[in-house]
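Here is what each chain is made of, one letter per residue.
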Amino acid sequence: MTAFQVEHATRSSRIGLAVFAVLLVVLAAAPWWGGRQDLRLLAEIYCFVALASLWNLLAGYAGLVSVGQQAYVGLGAYMLFAATMLMGVHPLLAIPLAGVVGAIVALPVAGLIFRLRGHYFAIGTWVVAEVFRLLASQVSVLGGGSGISLPVGIVTAMAPSRQMREFLIYWLALAIVVLVLGAIVLLLRSRYGLALTAIRDNEIAARSNGVDVARTKLIVYVLTAFGTAMVGALIFLQKLRVSPATAFDVNDWTAYVIFITVIGGIGRVEGPIIGTIVFFLLRQTLADLGSLYLLMLGVVAIAVMLKAPKGIWGYVADRFGWQLFPLERRLNIKAEAPRGTA
Amino acid sequence: MPDTLLEVRSLDAFYGDFQALFGVSLEVAAGEVVAVIGANGAGKSTLLNSIAGLVHARGDAILLAGEPVGGVPAYGMAARGVALVPEGRRLFPSLTVEENLLIGGQLGRPGPWNLPRVYDLFPVLAQRRHAPSPSLSGGQQQMVAIGRALMSNPKLLLCDEISLGLAPIVVRDIYGRLPTILSEGLSLVIVEQDIVQALAAANRVYCLQEGRVVLTGTAGSLTREAISAAYFGV
Amino acid sequence: MEWANIILQGVLVGGLYAMFAAGLSLIFGVMRLVNIAHGDLIVLAAYLALVVTETLGINPLASLAFVVPAMALIGYALQRGLLNQTLGDDLLPPLLVTFGLSVIIQNGLLELFTADSRRLQAGGIEVDSIQLGTGLAVGTLPLIQFALAVAVIAGLQWLFYRTALGRAFRATSDDQAMAQLVGLDNRRVFALAMALSLAVVAIAGVLLAIRTNFDPAIGPARLIFGFEAVIMGGLGSMWGTLAGGVILGVAQAIGAQIDPGWQVLAGHIAFLVVLAVRPQGLFPKVQG
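Residue numbers (my numbering), protein chains in the order written: chain A, 1 to 342; chain H, 343 to 576; chain C, 577 to 864.
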């Protein structure tokens with residue numbers, strides 16, 4: 001009888017995790033070493049890492065390429081405003097609540113758009129986002145087409161001073177991105193993760209090996225909606241104002257996210273992190289170019305897709321065999337001496 | 343030996359990392375019929391696909407009328423007069439019988455074969471010319487596939503298992519028309535599971551086993567024992 | 577009579593939507609590619625027409641003589657130069673590359689032309705109308721649009737089923753490897769298909785430019801309308817695409833009647849209903 005163990009860690013992933021732990025402590029302490037602008041920038045970075053990681057899970061692992069995740073960003077944002085303004089829910093509680101609503105809404109949406117395949121599925125997700133946007137502009141109690149600002153009373157209910165509020169939002173953003181990344185890593189390490197990797201490589205083969213492809217995809221879609229809606233709620237809590245145009249903006253919540261993931265590396269957990277760093281570096285240096293910036297981003301994304309389809313991290317990981325997170329699977333077989341007649 | 347039309351020299355063929363052919367060499371003279379036999383998985387289809395340009399080959403591994411054509415893509419080989427009747431027929435399901443034949447001739451290569459001549463060769467196709475191709479019987483589909491290949495007026499016709507899935511009487515019927523096809527000076531390479539049919543139709547035979555040529559000779563000179571040994575490797 | 581007029585308007589605009597859809601449907605049929613930049617290319621054609629009409633001082637409808645060949649050429653070059661490299665088993669590359677293209681076109685147009693709304697003047701036919709019996713009036717322009725749409729779709733049907741090029745399209749769509757074996761160079765076939773698609777896009781773009789105000793950002797909505805028309809009509813059927821466009825146009829017209837803000841939403845809802853109830857579309861020919 002042979003016993004076996006599945007091992008996940010490698011030397012590089014041990015180093016990576018150690019680096020991560022140190023980084024986490026440093027970042028958690030940011031309110032003490034960073035200024036207001038730094039905190040806002042970092043929070044924005046965390047939100048994009050989370051959004052991109054979630055999109056990566058959906059597209060890079062489950063093979064569900066969505067160009068309509070802004071539907072859930074906006075839904076989360078509007079749920080936050082609705083819960084706090086109309087139902088008196090505390091803003092901090094409203095964030096996870098927004099996530100739950102996102103997950104619930106994702107179920108019937110999936111029921112509809114999963115009837116479409118491949119490219120048509122992608123456009124279907126866009127239609128859903130448009131429907132959400134149009135519906136939001138019909139809701140006059142939340143500002144209709146022009147949107148609404150978060151009342152002062154709700155803002156102050158979060159924390160007594162403005163500084164405390166900013167620290168709170170910063171830590172929330174950090175907590176959410178850690179939660180999202182942690183959940184993704186745990187998911188990928190589980191047998192669902194194995195199923196996902198199988199689906200990504202060859203859906204038909206996966207199905208014939210007993211993987212329930214439809215259910216796995218649904219689970220991933222709903223979980224991604226949950227995460228995306230929470231991030232959306234947080235983003236707009238920070239912005240203090242929501243409108244259909246900003247909440248459901250295709251550029252902010254889909255174009256940038258896709259570019260980040262493609263450039264960083266699709267199908268690897270590290271990809272969105274690398275991509276976000278590159279994206280923000282570019283933005284800091286090219287900030288004033290407006291539409292030219294987006295144009296260049298498009299050119300870069302196309303070039304990466306054609307020449308280096310695995311992105312920056314994909315290239316690095318393949319070349320050096322690195323991984324930051326313990327996601328590899330290696331069999332460690334321990335053979336025992338056979339019993340009975342020898 | 344009259345002019346060599348096709349020369350295959352030490353051909354290796356890969357599907358990704360998997361090697362299917364190991365140093366296969368073969369020759370076909372103008373007007374000759376060569377049979378390639380072997381068990382399933384021996385590499386017969388791979389050989390034909392390589393010659394036809396579907397599988398990548400080293401530049402000098404395949405020579406057509408002396409010109410190195412390894413690596414030329416399939417549409418280039420078709421333009422050079424190599425036509426493949428693929429395993430399983432592979433008619434275009436969206437096209438009718440006549441459209442399948444017409445598209446075979448879309449290169450417009452000059453030669454004796456045209457639509458009326460193909461209908462002469464296979465009269466039943468003329469009756470079903472506007473039928474959607476999937477609606478034909480297996481034997482009729484095979485006729486369309488052969489006719490489609492002939493429409494390109496090839497110098498070299500490659501036939502991959504044309505007897506597969508067909509009743510013996512139908513197979514005999516099709517092979518019975520070979521002389522007409524060959525009368526214009528075409529060269530023919532046939533891959534066959536039906537060894538009797540292959541030996542009857544061919545001038546020379548190659549036997550493949552696990553990607554290598556293990557036996558070759560004129561059809562008449564090979565004994566039953568030698569062929570069995572080569573075929574099964576026992 | 578009020579409702580009859582509204583439905584009629586919806587039917588006629590459906591022709592325009594069908595034209596948005598026809599190019600999309602053609603490409604998907606031949607090479608299983610959905611061009612996310614499709615709507616932006618329609619807008620590009622509109623701007624091209626703008627440049628041509630302003631430089632040459634001709635009627636927008638006459639500008640078709642320039643815009644159609646120009647867009648066809650762009651389509652050929654685009655496919656040959658860029659999109660052919662993305663085709664394969666993986667669906668991510670073509671989707672992401674065309675998405676990137678969409679962003680590039682939108683922002684390029686924004687840089688060149690600013691976000692100002694434009695419109696092409698066609699010398700009065702925009703407001704002309706024809707009386708059809710009691711109380712029923714139909715605009716000359718919408719009628720021309722619809723007639724053109726029917727002509728384009730009939731033309732595409734003829735091309736696909738009665739010409740050698742159409743045979744090549746269908747064969748390549750059926751079995752790419754076998755198509756190569758009969759001497760068809762896939763790269764050329766795909767490029768020709770894209771050229772044809774963009775020729776149709778050109779017509780749609782010029783008509784759009786005459787009919788409404790346009791700016792660089794309206795591309796994605798045209799893509800969505802075209803897509804909804806294709807799905808409602810059924811994949812693989814050209815006449816189905818016309819039917820889908822008409823349904824969309826009528827749904828939007830009815831929605832607009834209820835409340836102007838509901839126009840587009842009504843169309844989306846009609847699409848979602850068809851998707852829920854009959855996902856293969858109303859006249860499907862192929863399984864997508």
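Heads up, a few of these hints could be off.
What the hints assert, rightly or not - Here chain A is said to cover these stretches of chain C; the calculated rule only asks that three of the stretch's residues, wherever they fall, bring their Cβ under 8 Å from a Cβ of chain A:
#, stretch
1, 609-620
2, 664-677
3, 694-700
4, 802-811
5, 848-856
Claimed, not checked - Label-pair restraints from in silico Cβ distances:
#, chain 1, residue 1, chain 2, residue 2, range
6, A, T197, C, T631, 50 to 58 Å
7, H, P410, A, R11, 44 to 52 Å
8, C, Q856, A, T197, 28 to 36 Å
9, A, K307, C, E687, 21 to 29 Å
Keep in mind that the hints were calculated from the coordinates and are not lab data.
Note that CB positions come from ideal geometry on N, CA and C, so glycine has one too.
Against the structure, the hints:
no.: 1; hint: 609-620; result: holds (count 3)
no.: 2; hint: 664-677; result: holds (count 10)
no.: 3; hint: 694-700; result: violated (count 0)
no.: 4; hint: 802-811; result: holds (count 3)
no.: 5; hint: 848-856; result: holds (count 4)
no.: 6; hint: A:T197 with C:T631: 50 to 58 Å; result: holds (56 Å)
no.: 7; hint: H:P410 with A:R11: 44 to 52 Å; result: holds (49 Å)
no.: 8; hint: C:Q856 with A:T197: 28 to 36 Å; result: holds (31 Å)
no.: 9; hint: A:K307 with C:E687: 21 to 29 Å; result: holds (25 Å)
The structure fails to meet hint 3 from the earlier list, while all remaining hints are met.
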